[in-house]
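Please take these sequences and the hints and turn them into a complete structure.
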Amino acid sequence: MASYKELPKTAQIRLVSSHEEVYEPCDDSFALVDALLADRTKLLEHRPMLCMEIGCGSGYVITSLALILGQEGSGVNYIATDINPHAVRVTHETLEAHGVSAELIVTDIASGLEKRLAGLVDVMIVNPPYVPTPEDEVGAEGITASWAGGENGRSVIDRILPIADRLLSEKGWLYMVTLTANNPSEICLEMKKKGYASKIVVQRSTEEENLHIIKFWRDFDNEVDEINNQSTFMGSLLSQIPPFSFWRGNNGNDSDKNKC
Amino acid sequence: MRLLTHNMLSSNIRGVVNGFPLRIEAGKVVEKNVEINGDFLKNMFVKIDWKAFVEASQSMGYTELPEEADSSMLDSDEFLNRFHHALLELHLEEGALVCPETGRRFPVSKGIPNMLLHEDEV
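So the sequences go chain by chain: X and R. Residue numbering for the first sequence follows this note's numbering, beginning at 1 and increasing consecutively. Residue numbering for the second sequence follows this note's numbering, beginning at 1001 and increasing consecutively.
Hints in this document: simulated from the structure, not taken from any laboratory. Model, not experiment: these values are computed from the prediction. Ideal Cβ positions, reconstructed from N, Cα and C, are used throughout, including at glycine. Be aware that a few hints might be false.
To be verified - Sample of chain R residues facing chain X (criterion: CB under 8 Å; computed from the structure):
1. SER1010
2. PHE1040
3. ASN1043
4. ASN1114
5. MET1115
6. HIS1118
Claimed, not checked - Here are the in silico distance ranges between beta carbons for each label pair:
7. GLU20(X) - THR1102(R): 29 to 37 Å
8. GLU207(X) - THR1102(R): 21 to 29 Å
9. LEU1074(R) - THR206(X): 25 to 33 Å
10. GLU1078(R) - LYS171(X): 27 to 35 Å
To be verified - With a straight-line cut-off of 30 Å between C-alpha atoms, the simulated DSS-like cross-links for lysine-lysine are:
11. LYS1110(R) - LYS171(X)
12. LYS171(X) - LYS194(X)
13. LYS1028(R) - LYS215(X)
14. LYS1042(R) - LYS9(X)
15. LYS1110(R) - LYS1028(R)
16. LYS1042(R) - LYS42(X)
17. LYS194(X) - LYS1047(R)
18. LYS199(X) - LYS1028(R)
19. LYS215(X) - LYS171(X)
See the structure below:
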């Protein structure tokens, strides 16, 4: 058992449950878990009490986080939400298959938690529906809600950001998956206005999409100097993120619209 | 659903002013032992609405919590054990959460509360 414990632990694909209406772990999920693994030491030193995933889908990511950080005995508790009831049930099965647990709620983003959970989340992970689609597909029933992101794939992301800001604790970290088409540098600028610094933890290009896992944290040092730093900040981000060039537009083709 | 989660949940129906705490209708309650972590409990104590927590635990059939609590009690192992048990080991497996203002029931099935709203409630 000792040697097993030394291996980096994440969820195992063979133990991840599934359902036809639930998004399966894919490049974006793997990239997000890779970002958590890349930050593993920092996350352990961060000593989070409450971790939260918005849009838990198959449960692959929250299960991996729970395996990385440990459970109640380590003083960590997990909350995961999804608007799709099938996804929440599948997440429950995936967690159980790995012998870990999280509190699960079927809800839209964090509806019902925004008052009492404000300022309590130390680590938040989000793999949002980021695929550019017509607005009327956003929040649709079933698996569509897992990828349909509206104009520039930003409709749900732009709703999540202020909620994340509200729920994150003083020392809270947010890890979020974005696509080049989402204009990540603009997202970082929006978060900068709310007082957050940001950094790309993982960047991954596949045939279909160019993914960035961005980490946000409250940047108390730079809050006062916001205006002075803006030009430097944009400069540094633009050097991190390639210009808007990968989005081929929505042509109504399902295979192109799906995140995978 | 643990009482930790219950303590963080409010009714999210449009127009509801006092949506906390949700009243618990307990159908099935289960207990799952988890390791105790004193630091977690001490840090979480200040975030818990104690009155709502005690009422919730009573509605789940657990009556060992004091009606009032202050941080000096965290030095007592007996208190910590009870706090731990009610906060993290009691699960509402089947039942409902009821909005204190409108009476709207949010079902809890297989331990998972469903807070999705109907179109006219958003």
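Now for the hints, and whether the structure bears them out:
1. SER1010: 5 Å, holds
2. PHE1040: 4 Å, holds
3. ASN1043: 6 Å, holds
4. ASN1114: Holds, about 4 Å.
5. MET1115: 4 Å, holds
6. HIS1118: Hint on HIS1118(R): violated, closest Cβ of chain X at ~12 Å, above 8 Å.
7. GLU20(X) - THR1102(R): 29 to 37 Å: 35 Å, holds
8. GLU207(X) - THR1102(R): 21 to 29 Å: 50 Å, violated
9. LEU1074(R) - THR206(X): 25 to 33 Å: Between LEU1074(R) and THR206(X), where Cβ atoms are some 50 Å apart, the hint is violated.
10. GLU1078(R) - LYS171(X): 27 to 35 Å: 32 Å, holds
11. LYS1110(R) - LYS171(X): Distance of about 33 Å is beyond 30 Å: violated.
12. LYS171(X) - LYS194(X): At roughly 14 Å apart (the allowed maximum being 30 Å), LYS194(X) and LYS171(X) satisfy the hint.
13. LYS1028(R) - LYS215(X): 40 Å, violated
14. LYS1042(R) - LYS9(X): 29 Å, holds
15. LYS1110(R) - LYS1028(R): With a Cα-Cα distance of about 9 Å, the restraint between LYS1110(R) and LYS1028(R) holds, given a limit of 30 Å.
16. LYS1042(R) - LYS42(X): The given pair, whose Cα atoms are some 23 Å apart, holds under the 30 Å limit.
17. LYS194(X) - LYS1047(R): Given pair LYS194(X), LYS1047(R) holds - Cα atoms ~24 Å apart, limit 30 Å.
18. LYS199(X) - LYS1028(R): Violated, because 45 Å separates the two Cα atoms, which is more than 30 Å.
19. LYS215(X) - LYS171(X): Since the Cα atoms of LYS215(X) and LYS171(X) sit roughly 13 Å apart, the hinted pair holds (cutoff 30 Å).
Hint check: violations occur at hints 6, 8, 9, 11, 13 and 18; the rest are consistent with the structure.
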